[in-house]
Each structure stands twice: as C-alpha cells, then as structure tokens.
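K.L.:
For reference, the chains in residue letters:
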Amino acid sequence: MKKILAVCGFGVGSSMALRMQVEKAMKALGIDAQVDNTDVSTAPGMNPDVIYTSAEFAEQLRGSVSCPIIEIKQFMNYEEVLEASKVLQ
Amino acid sequence: MLRTLMNQEMIRFASKASDWEEAIDLVAAPVLEAGKITPAYVEAVKENVRTNGAYIVLRDEFALPHARPSEAVQEMAMSILILKTPVGVGDEALPVKVMVFLAATDSQSHLDALAGLVNIISEDDVFEKLKNSQTTGEVMSIIHGNSE
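Residue numbers (our numbering), protein chains in the order written: chain A, -2 to 86; chain B, 108 to 255.
There could be a bad hint or two in this list.
[Said to hold, decoys possible] Derived DEER-like restraints, expressed as beta-carbon distance ranges:
no., chain 1, residue 1, chain 2, residue 2, range
1, B, 128, A, 52, 18 to 24 Å
2, A, -2, B, 158, 33 to 39 Å
3, B, 251, A, 46, 35 to 41 Å
4, B, 242, A, 31, 40 to 46 Å
5, B, 140, A, 31, 37 to 43 Å
6, B, 122, A, 0, 42 to 48 Å
7, A, 20, B, 114, 28 to 34 Å
8, B, 140, A, 65, 43 to 49 Å
[What the hints assert, rightly or not] Only pairs whose alpha carbons sit at most 20 Å apart, straight line, appear in this in silico DMTMM-like list of lysine to aspartate or glutamate:
no., chain 1, residue 1, chain 2, residue 2
9, A, 24, B, 129
10, A, 70, B, 168
11, A, 70, B, 231
12, A, 21, B, 230
13, B, 153, A, 36
14, A, 24, B, 213
15, A, 21, B, 232
16, A, 70, B, 219
17, A, 70, B, 230
18, A, 70, A, 29
19, A, 21, B, 219
20, B, 153, A, 53
21, A, 21, B, 231
22, A, 70, B, 199
Everything labelled a hint here was simulated from the structure, so no lab data went into it. Since this is a predicted model, take the numbers as computed values, not measurements. By construction, the Cβ of each residue, glycine as well, lies at the ideal position given by its N, Cα and C atoms.
Pulled out of the complex, with its shape left as it was, chain A reads as follows:
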C-alpha cells in the first residue's frame, strides 16, 4: 500500500480538500493507498511514499524529502489530480 500525503501550509484547509480528490483518484485508478493530509513542516518526518502539493510548497519540500512530489495547481480540480496521478499506476 502506498503512503500518500496531501500537503499545504497549515494542514487544516487546502490539504484536506486535496486529500479528498486524491482519495477519489486512487479509487478510480485502482491504486491501493492510504492518504493523509498535513502541513509543510510536519510532512518530511512522516516518510511518505508520495507527496501531493502546490508548486510553492514543493519548492520548500525538495530539500527535506526524497520521495516523488506531484505538483497540483488547483487542489479541488479532480480532473487535474486524476491526470497527475496516472504516473503512480
């Protein structure tokens, strides 16, 4: 099972919205995954397999994580999340 993190600045709003779209995409693509959400400073310590976040936060995370980071422009755009998730198949 893949351990996935949806990440935003504070882990309270946007990352939750993103997590819901990622969960939906994982189901649609038939990928076995556990999706959680958190803030940008907590994320590296959680050792995820994949991170979904914005371009700005991806920039901040690159120095501290080695896992793949999937950049999403609009966290609530299911089509965008689905398309970007196909690399995990």
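Given chain A's structure and the hints, the job is docking chain B onto it.
P.N.:
Using the frame of chain A, we list chain B on its own:
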C-alpha cells in the same frame, strides 16, 4: 455541521472588490463582527497568500482563504462571499467569484464542515448555482440540500 457554521449572518454578497485583500476583508467581516476572530487572524490569512501564493484558489473561481489555528481564533468559523465581478487572487490574478473564509481552532474540529463544503464546491453544477446565487436564501438552500 456546515449548516450550523455557515448560518445566515455568515453569507455576504458584493458587486465587486478592488483587490483580493479587500475581498478577504469583506468575507472576514461577519466572523470578525461576531467576535470569533481578532484582526490578527485576518492579517495572517493575507500574509499566507503573499508568502505561499495563490494555492488557496482550489478550483476555477473559488478560493479558501485561511491561516494556521492560533490564539487569534476564539471560535471555529466559516463565512462565504459571492462576488458579481470576479477579483484576481495572487500574482497570477486568478479570477475568483466565491470565497469561503475558514477559521479553525485545531486540525480536527472543522473537518466535517469542510468535507461538506468540498462536496458542494467540487460538483460543477452545484458550484454553478452557488456562484450565481443572489440571495441568502438561495445559498442556504444549496448548503442544506447538499450537507449534513
């Protein structure tokens, strides 16, 4: 839970805002007036957009301005602003017509309400109705029809 949080007083309309900062002031006003947050929280929300960019624009025409739970939040709150003319948010000036202002006290309490909101906003036809709403009653019926 979304219905309890986003009651009639928390729904606002405006024909336009001169910039995204003014739009945030407009959407934050009812929460501020109700004494649920202090002005410091509104400033933190604006700072988040300045620092981290327009990632709060979660879909076309929708933004979720918010900041970290802090002592500037006395009580969990959510308010909504519907603009007739879109306002540009962030450096790329992404057009936004609907703003939901979120003030959380911790990372858990508001999740039910937020999930309800995401369900409404992510459905294209429901969002279409919401952004074209002109009365509090219309917004209330969308929230009631689509959430717990």
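K.L.:
Run every hint past the structure and note whether it holds.
P.N.:
Each hint, compared with the structure:
Look at residue 128 of chain B against residue 52 of chain A: about 22 Å separates their beta carbons, and that is inside 18 to 24 Å. The beta-carbon spacing between residue -2 of chain A and residue 158 of chain B, approximately 34 Å, falls within the hinted interval of 33 to 39 Å. Checked against the hint of 35 to 41 Å, the pair residue 251 of chain B and residue 46 of chain A passes, with Cβ atoms roughly 40 Å apart. At roughly 43 Å, the beta carbons of residue 242 of chain B and residue 31 of chain A sit within the given window of 40 to 46 Å.
Restraint check, residue 140 of chain B to residue 31 of chain A: a C-beta distance of roughly 41 Å satisfies the suggested window 37 to 43 Å. Evaluation of the 42 to 48 Å hint for residue 122 of chain B and residue 0 of chain A yields a pass: the beta carbon distance comes to about 47 Å. In this structure the hint that residue 20 of chain A and residue 114 of chain B lie 28 to 34 Å apart at CB holds, the actual value being about 29 Å. A beta carbon spacing of about 45 Å between residue 140 of chain B and residue 65 of chain A agrees with the range 43 to 49 Å that was offered as a hint.
Proposed proximity of residue 24 of chain A and residue 129 of chain B is contradicted: the alpha carbons are some 40 Å apart, above 20 Å. Our distance criterion of 20 Å between C-alpha atoms is met by residue 70 of chain A and residue 168 of chain B, whose separation comes to about 13 Å. Between the alpha carbons of residue 70 of chain A and residue 231 of chain B the distance comes to roughly 18 Å, so the proposed pair stays at or under 20 Å and holds. Between residue 21 of chain A and residue 230 of chain B the alpha-carbon distance is near 13 Å, which keeps this suggested pair within the 20 Å criterion.
Taking the CA atoms of residue 153 of chain B and residue 36 of chain A, the gap is about 18 Å. The hint holds against a cut of 20 Å. Straight-line distance between C-alpha atoms of residue 24 of chain A and residue 213 of chain B comes to about 29 Å, which puts the hinted pair past the 20 Å bound. With a C-alpha separation of about 18 Å, the suggested pair residue 21 of chain A and residue 232 of chain B falls inside the 20 Å cut-off, and the hint holds. At most 20 Å may separate the alpha-carbon atoms for a hinted pair to count; residue 70 of chain A and residue 219 of chain B exceed this at roughly 24 Å.
Under the criterion of a C-alpha separation no larger than 20 Å, the hint pairing residue 70 of chain A with residue 230 of chain B is consistent with the structure, at around 18 Å. A hinted pair counts as satisfied when its Cα atoms are at most 20 Å apart, and residue 70 of chain A with residue 29 of chain A does not qualify at roughly 24 Å. For the hint linking residue 21 of chain A to residue 219 of chain B, the alpha-carbon distance of about 17 Å falls within 20 Å, and the restraint holds. Pair hint residue 153 of chain B plus residue 53 of chain A holds up; C-alpha atoms about 16 Å apart against a cutoff of 20 Å.
Between residue 21 of chain A and residue 231 of chain B, the direct Cα distance comes to roughly 16 Å. Compliance with the 20 Å bound is thereby established for this hinted pair. Taking the CA atoms of residue 70 of chain A and residue 199 of chain B, the gap is about 12 Å. The hint holds against a cut of 20 Å.
The structure is inconsistent with the numbered hints 9, 14, 16, 18, although it conforms to all the rest.
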